[in-house]
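If you're matching them up, the sequences are chains A and B in order. Mind the numbering: the first sequence is residues 2 to 134 in this note's numbering, read in order. Mind the numbering: the second sequence is residues 81 to 203 in this note's numbering, read in order.
Heads up, a few of these hints could be off.
In silico negatives: residues of chain A with every beta carbon more than 10 Å from chain B [unchecked claim]:
no. : residue
1   : Arg-34
2   : Thr-44
3   : Val-48
4   : Thr-56
5   : Leu-72
6   : His-94
7   : Pro-106
8   : Lys-110
Straight-line distance between alpha carbons at most 20 Å, and here's what the computed DMTMM-like set of lysine to aspartate or glutamate pairs gives [to be verified]:
no. : chain 1 : residue 1 : chain 2 : residue 2
9   : B       : Lys-130   : B       : Asp-82
10  : B       : Lys-130   : A       : Asp-98
11  : B       : Lys-200   : A       : Asp-74
12  : B       : Lys-130   : A       : Glu-59
13  : B       : Lys-97    : B       : Glu-168
14  : B       : Lys-200   : B       : Glu-133
15  : A       : Lys-110   : A       : Asp-98
16  : B       : Lys-161   : A       : Asp-98
One side of the interface only, derived from the structure: several residues of chain A facing chain B at Cβ under 8 Å [to be verified]:
no. : residue
17  : Val-45
18  : Phe-51
19  : Ala-54
20  : Trp-63
21  : Ser-70
22  : Trp-71
23  : Asp-104
For the record, the hints were derived by calculation from the structure and aren't laboratory data. Heads up, the beta-carbon is just placed ideally off N, CA and C, and yes, glycines get one too.
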Amino acid sequence: MADVNRGNRPLSPFMLGQYYKLQLTSVTSILTRITGLSLLAGTVLVVWWFLAAATSPEAFAWADWALTSWLGDLVLFLSVWALWYHSLAGIRHLIWDTGRGLDLPTAYKLGWTVVIGSVVLAVLTAIIMLVWG
Amino acid sequence: MDYVTDRKRAEGLGSAKSGTAHHWSMTVTSWALIVLVPLFVFTFGPMLGKSHEAVLAYFARPFPAIVAALTLLVGMHHFRKGAQTAVEDYVHGGTGRFTIIAVTCVAYALAAAGLFAIAKIAL
Numbered sequence: 002m003a004d005v006n007r008g009n010r011p012l013s014p015f016m017l018g019q020y021y022k023l024q025l026t027s028v029t030s031i032l033t034r035i036t037g038l039s040l041l042a043g044t045v046l047v048v049w050w051f052l053a054a055a056t057s058p059e060a061f062a063w064a065d066w067a068l069t070s071w072l073g074d075l076v077l078f079l080s081v082w083a084l085w086y087h088s089l090a091g092i093r094h095l096i097w098d099t100g101r102g103l104d105l106p107t108a109y110k111l112g113w114t115v116v117i118g119s120v121v122l123a124v125l126t127a128i129i130m131l132v133w134g
Numbered sequence: 081m082d083y084v085t086d087r088k089r090a091e092g093l094g095s096a097k098s099g100t101a102h103h104w105s106m107t108v109t110s111w112a113l114i115v116l117v118p119l120f121v122f123t124f125g126p127m128l129g130k131s132h133e134a135v136l137a138y139f140a141r142p143f144p145a146i147v148a149a150l151t152l153l154v155g156m157h158h159f160r161k162g163a164q165t166a167v168e169d170y171v172h173g174g175t176g177r178f179t180i181i182a183v184t185c186v187a188y189a190l191a192a193a194g195l196f197a198i199a200k201i202a203l
């Protein structure tokens, strides 16, 4: 009893896919973490852009070129999606923290809301930026 | 097989005692970011691709400057604590400790660099 396979067990999330079937609940959970950590990339770009703007017109021209290039656009669009995904998933956590929505049907509804909602919000944001820009 | 009891093995390995404070800190910054993130996206976003003069004039105004500064400050605090939890889950021992120190330094460095830039533009 005391020494059953101690310290040599596979741990989550490395169980996902190999031992556990991927489910909406586990995938939306790990995506919360991945989007949160990935937002570091967007933050670096934004801080660089602000620093460049504060430094000189030449530095700004360089940063502005990078952020508005197709690669910059792609990274920023993915960052905006990550931002909305992480925000909606965070709201889901705040709801769960009150003890509500933990049953499976509601958890699945919340999961799909986060996935579809984040894509819709990201596309809407991109459209609004195109119209304003 | 050793003869140490389960209780003996568990003694002294309790929680770090700061879990509640960590969770509450994430909750508070989450609520703040729900307000700040949309404000930041729709003030910062339209300025991308604008001229240098337009960007300097825009972020010299109090509202966009304060929103950008707050989002970066609260965001990096939230990032630091959230990334710490992720590191604690996946990276163990000395490497884990070192990663947490590195993540903390990066988060504060980004916040400081951004705040300096915003202040310089605004003042």
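Hint by hint, here is what the structure shows:
{"no.": "1", "hint": "Arg-34", "in the structure": "violated, 6 Å"}
{"no.": "2", "hint": "Thr-44", "in the structure": "violated, 6 Å"}
{"no.": "3", "hint": "Val-48", "in the structure": "violated, 4 Å"}
{"no.": "4", "hint": "Thr-56", "in the structure": "violated, 8 Å"}
{"no.": "5", "hint": "Leu-72", "in the structure": "holds, 14 Å"}
{"no.": "6", "hint": "His-94", "in the structure": "violated, 7 Å"}
{"no.": "7", "hint": "Pro-106", "in the structure": "holds, 25 Å"}
{"no.": "8", "hint": "Lys-110", "in the structure": "holds, 20 Å"}
{"no.": "9", "hint": "B:Lys-130 - B:Asp-82", "in the structure": "violated, 69 Å"}
{"no.": "10", "hint": "B:Lys-130 - A:Asp-98", "in the structure": "violated, 42 Å"}
{"no.": "11", "hint": "B:Lys-200 - A:Asp-74", "in the structure": "violated, 26 Å"}
{"no.": "12", "hint": "B:Lys-130 - A:Glu-59", "in the structure": "holds, 14 Å"}
{"no.": "13", "hint": "B:Lys-97 - B:Glu-168", "in the structure": "holds, 15 Å"}
{"no.": "14", "hint": "B:Lys-200 - B:Glu-133", "in the structure": "holds, 14 Å"}
{"no.": "15", "hint": "A:Lys-110 - A:Asp-98", "in the structure": "holds, 17 Å"}
{"no.": "16", "hint": "B:Lys-161 - A:Asp-98", "in the structure": "holds, 18 Å"}
{"no.": "17", "hint": "Val-45", "in the structure": "holds, 7 Å"}
{"no.": "18", "hint": "Phe-51", "in the structure": "holds, 4 Å"}
{"no.": "19", "hint": "Ala-54", "in the structure": "holds, 5 Å"}
{"no.": "20", "hint": "Trp-63", "in the structure": "violated, 11 Å"}
{"no.": "21", "hint": "Ser-70", "in the structure": "violated, 11 Å"}
{"no.": "22", "hint": "Trp-71", "in the structure": "violated, 13 Å"}
{"no.": "23", "hint": "Asp-104", "in the structure": "violated, 22 Å"}
Hints 1, 2, 3, 4, 6, 9, 10, 11, 20, 21, 22 and 23 from the list above are not met by this structure, while the remaining hints are.
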